[in-house]
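Asker: Residue-level listing of the chains:
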Amino acid sequence: AQKVTQAQTEISVVEKEDVTLDCVYETRDTTYYLFWYKQPPSGELVFLIRRNSFDEQNEISGRYSWNFQKSTSSFNFTITASQVVDSAVYFCALRWAGNMLTFGGGTRLMVKP
Amino acid sequence: DGGITQSPKYLFRKEGQNVTLSCEQNLNHDAMYWYRQDPGQGLRLIYYSQIVNDFQKGDIAEGYSVSREKKESFPLTVTSAQKNPTAFYLCASSSSLNNEQFFGPGTRLTVL
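Going down the list, the sequences are from chains A and B. To get the working numbering, take the position in the first sequence, counting from 1, and add 1. To get the working numbering, take the position in the second sequence, counting from 1, and add 556.
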């Protein structure tokens, strides 16, 4: 069975702090993809990153970085120098069997000025 | 501009009525999906369609129906058999050659 766990339901930080959102996944597939999406208050999900199971290189995009570790089945997301505009719900997701996505429960990030 | 549109943004329904949510995409994507999101929870898959005139049940299909007569359109009907239909509904699409699903702005359905 496929499962994605985001243990942190809510995180509150002060602007400019660094924050890491945790994601742990379970799958028996050897080939799979992991994703992060951002859901701002407007409701639409915004794609952030895709990572396949054969590529464990960490990735950095501006203030965002992702740490993929197959040994611990984790795909954590770090925001450096957080800003108020980063306030949103963030979802980690696992793709298996074609285009099916299994989502975690989401982490609500609140960045206070 | 390419993208996914959902209408209406807000929808109110009386108990016992069927209601249809619209989803249109002009991204030329083969696959389309419907998800339900309840407050404080993740997304759950209702139905998906990999190709025109074909669709499959997701994890929570009971009380819902879909059709896929055109590549661009994937309407979702919430029937009176759905016990707790109040939720936020998100439509998505993806290319058969790509992995990312792109999402529409969502429809918030409230049953009065």
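These aren't lab readings, by the way, just hints derived from the structure by calculation. Any given hint could be a false lead.
Claimed, not checked - Looking from chain A toward chain B, a few residues come up when the C-beta cut is under 8 Å (computed): (1) Phe104; (2) Lys113; (3) Pro114.
Stated by the list, open to error - Residues from chain A that keep clear of chain B, each with C-beta distances beyond 12 Å, as calculated: (4) Asp19; (5) Thr81; (6) Asp87.
A virtual CB, placed ideally from N, CA and C, is assigned to each residue, including glycine.
Asker: Please go over all the hints and tell whether each is borne out by the structure.
Answerer: Going through the hints against the structure:
no. : hint   : in the structure
1   : Phe104 : holds, 4 Å
2   : Lys113 : violated, 20 Å
3   : Pro114 : violated, 24 Å
4   : Asp19  : holds, 25 Å
5   : Thr81  : holds, 24 Å
6   : Asp87  : holds, 19 Å
Checked against the numbered hints given earlier, the structure breaks hints 2, 3 and satisfies all the rest.
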